[in-house]
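Start from chain A and add chain B according to the hints.
Spelled out, the chains give:
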Amino acid sequence: MAALPKRQRLGPSPSLAWLFLAPALVLLAAWMIYPVVYSLFRSLHDATGNTFVGLANYGAIFSDSATLITIRNNVIWVVVAPLLVTVLGLIFAVLTERIRWATAFKLVLFMPMAVSLLAAGVIFRLVYEQAPDRGVANAIITTVHDAFAGSQGYPGARPRENDAAPASVENGAVVTKQVVRTGQPALIPLVGLSPDAVAGFAPARPASGDGLTGTVWIDTVRGGGGTVNQIDPEEKGLAGMTVEALQGGAVKATTETAADGTFAFTGLPPGDYQVRLPQSNFTAAFNGLTWLGPTLITPAIIGAYIWVWAGFAMVLIAAGLSAIPREALEAARIDGCTEWQVFRKITVPLLAPVLLVVFVTMIINVLKVFDLVFIIAPGSVQPDANVVALEMWRVSFGGGGDQGLGSALSIFLLVLVLPFMAFNIRRFRRDER
Amino acid sequence: MRRSAVLMIAALALTAACGGEAAAPTPSGSAPAPAAKPLAGTKIEIAAKWTGDEQASFEKVLAAFEAKTGAEVTYASTGEDTGAYLGPRIEGGNPPDVAILPQPGLVQQYAAQNALKPLSQGVLAQIDQNYTPYWKELGSAGGQVYGVLVKAAHKSLIWYRAPAFEDAGAAEATTWDDLIGKTAQTLADAGTPPFSLCGASGWTLTDLFENVYLSSAGPENYDKLAKHEIPWTDPSVTTALEKMAQIFGKPDFVLGGASGALQTDFPTCVTQVYGEKKAAMVIEADFVASSATQSGAVIGEDAKAMPFPKAGDTAPVVLGGDVGVAMKDNAGAMALLEFLASKEGGDIWAKEPGYLSPNRNVSPDNYPSELTKQLAQTIISAGEAVRYDMSDLAPSAFGGTDGKGEWKHLQDFLRNPSDIKGTQEKLEADAAKAFKE
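Residue numbers (numbering that gives the first Met the number 0), protein chains in the order written: chain A, 0 to 432; chain B, 0 to 436.
Chain A on its own, in the form it takes in the complex:
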């Protein structure tokens, strides 16, 4: 058989291959390579783009405290979010294998992926609202909390803040300023409750009697007026208020006010006392957590992120799980392994490649997080919740218009992402082999 002519080969010619590759290459060059190179170039120039400033923009990233916070937040994100998402995905995947309505369950968990991150952000902005009547998170927390310790007494009630007021606040308790003598009823006027809140209360009355007595009442009248520090006919008494009689700092007796706000201690020896309304009367209702405050904002946003991505991780891991040889699991069970041992010694090691891919993909994803932070954090805590990607957009296009610094941030982000990208690509190559 004659040797094939040198130029003949199987398949299309390289020139034809190049022709078919050309569109992809052009698009890649226009949308990937050129922008990256230009961003690098731009990051070495100032805001106007005309002056070369060397590495000054990169210096600015690490010297500005606001930018350092974004880097700190990104570190928190990278450490916490991918791990949680992967672990939750693994748990869901393993558990859904064992239940009946697995598909329905998976569908529900995967559903958030169908919601855009922006919409998810809007949803969670509402979930995290402070007021329990608007925010679901706090509604749940306060309901649970109140089931164990309901609020009681009169939160918000307090004495007037001036020298003429007969009582003042000490360590949260209301204490009479002057000594109270037996036979001379004490007056403890309070304010701070709205006329509507006390509308159904009984009118306050002056106390009488030989013992240590007095009245605790709301010293305001609807529409203003009324004599300050005096019991007016339309003013309301505060019922059920705990009252303590003190002598030399020690509690001598405790009683409660009647419906008209009067109290009387029985069996106290005559003398001089101080009357105290302990703090327990004024315990403010538990109002839930400040999710959208500077402290909790990043964990709160990470929570929203997990809601979106846990389902995705679950589906990937479940696919890996179904590829695990059943024999290995069964052999382990026959050998007497507990389910926990099977999970730890067989399932997880066999799943390791998938878990790693999910984990690394999540790291890359988390480094670029933008929308959730932008939407969920209120303006006042954006600086506390800020991340590098959001800061990049802000300095480039919001307010300052410094695209030099913005480009430097984008290159910085690229450098952060690159090792993980390289890692993923190497893994894919190894898998192909």
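Source of the hints: derived by calculation from the structure; they are not laboratory data.
Computed from a prediction, not measured in an experiment: that's the story for all the values here.
There's no promise every hint is true.
[Said to hold, decoys possible] Heads up, simulated SDA-like pairs for lysine to any residue below, C-alpha to C-alpha not over 25 Å straight-line: (1) K420/B to S62/A; (2) K432/B to L43/A; (3) K435/B to F51/A; (4) K303/B to P194/A; (5) K249/B to P131/A; (6) K350/B to Q293/B; (7) K48/B to L125/A; (8) K176/A to K181/B; (9) K249/B to T175/A; (10) K135/B to R359/B; (11) K249/B to A163/A; (12) K277/B to F200/A; (13) K181/B to V220/A; (14) K367/A to A83/B; (15) K432/B to I70/A; (16) K372/B to R359/B; (17) K181/B to A164/A; (18) K277/B to T142/A; (19) K277/B to A284/A; (20) K249/B to P293/A; (21) K48/B to S115/A; (22) K303/B to T175/A.
[Claimed, not checked] Some chain B residues judged to face chain A by a derived CB distance under 7 Å, without partners named: (23) A83; (24) G86; (25) D166; (26) D188; (27) G198; (28) Q262; (29) Q293; (30) S294; (31) D401; (32) G402.
[Unchecked claim] DEER-style ranges, computed between Cβ atoms: (33) K181/B to V135/A: 35 to 43 Å; (34) A65/A to G180/B: 31 to 39 Å; (35) E233/A to T237/B: 43 to 51 Å.
Note that CB positions come from ideal geometry on N, CA and C, so glycine has one too.
Here is chain B on its own, set in the frame of chain A:
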């Protein structure tokens, strides 16, 4: 610059796919005739920050323009951060035909970038006819007129819920000390938190500061601070911040305390006063009327406003306003701006709630409420005696960006009102940076 922006956008893959979508076809060669404008088929895109009710009101004006000229106007909402919306579109060579800028500072900024088109003779004629020179000045950069003030905001007001005042026996205050010591204290004693602060919207805090500062430091200092000729560490700023701390520092005075206020944006703070009836007062401009009406309040009956009380020698009148500019030089854009600057357009807009016209020929009779009529009158008659919103005159990196500069530091001050000195130093540091550029 333009080139770089195209690339930035491509790099960020933000709007790469929408290039050219909104480009308005320029009508071929038809010079704008003053009387009938055959703009049938012309598409005009206008971008402004208004949403909700304000947007609905504005769209009625646009509808009138469409009916008159046959043009097709598309409204695009820029959201609160107008610079962030327009920036990429300008850089990408695809700006809207007309933009309404919330800050005169942006007129200067965009004029410097050559992003604005000088107004046509028709628009200039309307401006000369309807506006005092002061307003014309606000829309100019480098001697060239680029903008027309289409909407004014009266920012020296304190809105209150009349039934809450009646229940507590509180009265309007004419001095700051009365506001704190009497009005607010009486309300707090009666169990109603006096103030609902919109701390999540930084600009509401700058408005409060400007009123207190203009009143306590006087107009001359106000002008100097606005141009950064005196530093933010000046003792006059200390005084103003101390007065603000009289509110910020008392948990009884602020609905939800500082933490609650910082999560409350505008107009939620208005809803808290008039809808949920949780607080008694909200310190913001005339446009509160729109949100208050939506919350079910009747302006002039349960929703009333008092002039911002004097915190010093000056009764403050701080104004804000939105400036319309042309970003493309075409007949449609100019015709729309001419309409907005005209008495005709102003009259239509004035019938909507929450609108104040700086146009002196718009008859106050158009306004739907007695209050708006009075406010319009004060703006027109005050002329050059009023001061424009200071933060809106500053570079937007300092005076108009979420999470930066003045917004951020006043929010931090609300969180920690005892740190007056630290607040001033941070304000000065950011101001120095922003004004240098």
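Results for each hint:
no., hint, verdict
1, K420/B to S62/A, "23 Å, holds"
2, K432/B to L43/A, "20 Å, holds"
3, K435/B to F51/A, "18 Å, holds"
4, K303/B to P194/A, "21 Å, holds"
5, K249/B to P131/A, "23 Å, holds"
6, K350/B to Q293/B, "16 Å, holds"
7, K48/B to L125/A, "23 Å, holds"
8, K176/A to K181/B, "24 Å, holds"
9, K249/B to T175/A, "23 Å, holds"
10, K135/B to R359/B, "13 Å, holds"
11, K249/B to A163/A, "20 Å, holds"
12, K277/B to F200/A, "21 Å, holds"
13, K181/B to V220/A, "16 Å, holds"
14, K367/A to A83/B, "19 Å, holds"
15, K432/B to I70/A, "22 Å, holds"
16, K372/B to R359/B, "12 Å, holds"
17, K181/B to A164/A, "16 Å, holds"
18, K277/B to T142/A, "22 Å, holds"
19, K277/B to A284/A, "16 Å, holds"
20, K249/B to P293/A, "20 Å, holds"
21, K48/B to S115/A, "24 Å, holds"
22, K303/B to T175/A, "39 Å, violated"
23, A83, "4 Å, holds"
24, G86, "4 Å, holds"
25, D166, "5 Å, holds"
26, D188, "4 Å, holds"
27, G198, "5 Å, holds"
28, Q262, "5 Å, holds"
29, Q293, "17 Å, violated"
30, S294, "15 Å, violated"
31, D401, "5 Å, holds"
32, G402, "4 Å, holds"
33, K181/B to V135/A: 35 to 43 Å, "40 Å, holds"
34, A65/A to G180/B: 31 to 39 Å, "38 Å, holds"
35, E233/A to T237/B: 43 to 51 Å, "45 Å, holds"
The earlier numbered hints that this structure contradicts are 22, 29 and 30.
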